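Chemist: Chains as they are written, first to last, in the numbering used here: chain A, 1 to 281; chain B, 1 to 134.
Rather than coming from a laboratory, the hints here were simulated on the basis of the structure.
The model shown is predicted, which means the values in this text are computed figures rather than measured ones.
It is possible that part of the hints are untrue.
What the hints assert, rightly or not - List of simulated lysine-lysine pairs, DSS-like, C-alpha gap at most 27 angstroms:
(1) K255(A) - K40(B)
(2) K65(B) - K254(A)
(3) K163(A) - K40(A)
(4) K40(A) - K172(A)
Said to hold, decoys possible - Label pairs and their in silico Cβ distance ranges:
(5) K172(A) - C100(B): 29 to 37 angstroms
(6) Y75(A) - C109(B): 41 to 49 angstroms
(7) A53(B) - L31(A): 55 to 63 angstroms
(8) M173(A) - A114(B): 41 to 49 angstroms
(9) I63(B) - D127(A): 49 to 57 angstroms
(10) D74(B) - E105(A): 21 to 29 angstroms
(11) L31(A) - Y43(B): 17 to 25 angstroms
(12) P129(B) - R82(A): 44 to 52 angstroms
(13) M173(A) - E92(B): 43 to 51 angstroms
(14) A114(B) - Y75(A): 35 to 43 angstroms
(15) L281(A) - Y43(B): 49 to 57 angstroms
Each residue gets a CB set at the ideal place from its N, CA and C atoms; glycine is no exception.
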Amino acid sequence: MIITFISINSGLLSGQYTADSALSFADQQYLRGNYSLALKEYQRVSFHDNFSDAYLLFKIGDCYLNQGDWTHARYYYDQVIRITHDDSLLVNAEIRNISTRIQEEAYKRALINLYSVHDTVYRQYNDEINLLFGITHFGLTEFDTSRYYFKKIVETDSLACAKIDSLFSLKKMLYKPNPNLAYALSLVIPGLGQLYAGDVPDALNSFILSGSLVGLSVFVAYQYTLLDAILSILPWYQRYYMGGLENTNEIAEKKRQERRSSIYRATLDIIRESKNKQETL
Amino acid sequence: MKYKYRLLGLVFALLLPLLSSGQEDLISTHYHQFDVQDQKVSYRQYTSTSNEANQIFSALFLIYKEFISSQDVDACVFTPSCSVYAMESIKEYGILIGICSALDRLTRCHGFAAGDYSIHPHTHKNYDPVEKKD
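So here's chain A without its partners, still in its complex pose (with noise of 0.2 angstroms):
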């Protein structure tokens, strides 16, 4: 804090205002981390100097995208690539625009994004590139075209490949629990669905509560009449028997993500253990 007042401070007190000057304190806050007091400056050199320069924009949309606002980061990054020359900012630009549409899910957007990229990028950034594909493939749940892009990556590493196999392999972990069938499970025995998702406290509670008013409503049929049951119990049992449902399918669809997810972290893990071994040789 107190740094960076006495940096605007003392460029106010001098009176000299250049716009390598304040790029450079730009770039310094970027560094600091300060995004925002960043993004300020490389606009006002933008808005003031009439700088369109494309190195510029890109430190711009770098702000965007480290306060997390992929959208305005994007439109940055897009005429980056529209106007650059150069390579390495095309690259980053191109990665970048990319990589925010995998974290926004948007992965068919993110696809479009990739077949359209420029050859130079592709030949250049081979690896990042079928990381990327790799990623999207993942998220649009085409694990067959993901293990492809991500055996890519390390090719080279026989042993890596095996191993990004032999996970893909587990067919099990991938697809199952299916909320389908686990669903169909409980709509004959409340709790079925959550004991199969394998979240057993659930599905003792769904079981308990269901059964305790299917038990109330014979209750009352018997001392009672039929109708009294069906009127005063039913209600309550559609409400629980259908509140079961709803969660026995959330519950199997979280099971299945937590499961899909520890197979790609494990195979990231795999891809940067494989490079590092690589960068080490």
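Starting from the structure of chain A, add chain B where the hints point.
Modeler: Relative to the frame of chain A, chain B by itself:
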């Protein structure tokens, strides 16, 4: 003038790899892409421990939320839900007024309540919080 800027841009472009070295690599950025967020809500904040009677109500509320409400369909038309409203009300006004206020809320919780309340932006339900004491 423009030439100067272009030169400046070129210098910074050369410095770009150095500047971007602080960025996380792609694997780290997307490592938690498919992590599942735990959406389980904790209701302990609504409970009160000011006296024994309030503690009993708090315990009953937590039991209801954990074992009964968790198995129910999303039937309440309000945000906060009637049970949370009851606990907040008891916490704010004490047991007697709190229970009366909760009972009043229960009589208003039906399909014809829409139109009398503003809509909560996240839950898209009727927004009816407990009024705080001045």
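Chemist: Straight-line Cα separation of K65(B) and K254(A) no greater than 27 angstroms?
Modeler: Judged against 27 angstroms, a Cα distance of about 21 angstroms means the pair holds.
Chemist: Just to be careful, I want the Cα atoms of K163(A) and K40(A) compared with a cutoff of 27 angstroms; is the pair within it?
Modeler: violated (47 angstroms)
Chemist: Confirm or reject the claim that L281(A) and Y43(B) have a C-beta distance inside 49 to 57 angstroms.
Modeler: holds (55 angstroms)
Chemist: For the hint 43 to 51 angstroms, verify it against the beta carbon of M173(A) and that of E92(B).
Modeler: Because 48 angstroms falls inside the window, the suggested range holds.
Chemist: Go ahead and decide if the range 17 to 25 angstroms is satisfied by the Cβ distance of L31(A) to Y43(B).
Modeler: violated (44 angstroms)
Chemist: Determine whether the Cβ-Cβ distance between I63(B) and D127(A) falls within the hinted range of 49 to 57 angstroms.
Modeler: holds (54 angstroms)
Chemist: Tell me if the straight-line CA distance from K255(A) to K40(B) falls inside 27 angstroms.
Modeler: OK: K255(A) and K40(B) at ~14 angstroms, within 27 angstroms.
Chemist: Using the Cβ atoms, figure out if A53(B) sits within 55 to 63 angstroms of L31(A).
Modeler: At roughly 58 angstroms between Cβ atoms, L31(A) and A53(B) fall inside 55 to 63 angstroms, so the hint holds.
Chemist: Is the gap between the beta carbons of K172(A) and C100(B) within 29 to 37 angstroms?
Modeler: violated (55 angstroms)
Chemist: Take the C-beta atom of Y75(A) and the C-beta atom of C109(B), compute their distance, and say whether it sits inside 41 to 49 angstroms.
Modeler: holds (45 angstroms)
Chemist: Against the range 21 to 29 angstroms, how does the distance between the Cβ atoms of D74(B) and E105(A) compare: consistent or not?
Modeler: Cβ of D74(B) to Cβ of E105(A): about 24 angstroms, so the range 21 to 29 angstroms holds.
Chemist: Do the beta carbons of A114(B) and Y75(A) sit within 35 to 43 angstroms of each other?
Modeler: Given range 35 to 43 angstroms: holds, Cβ gap about 39 angstroms.
In summary, the structure is inconsistent with hints 3, 4, 5, 11 from the numbered list given earlier, while agreeing with the others.
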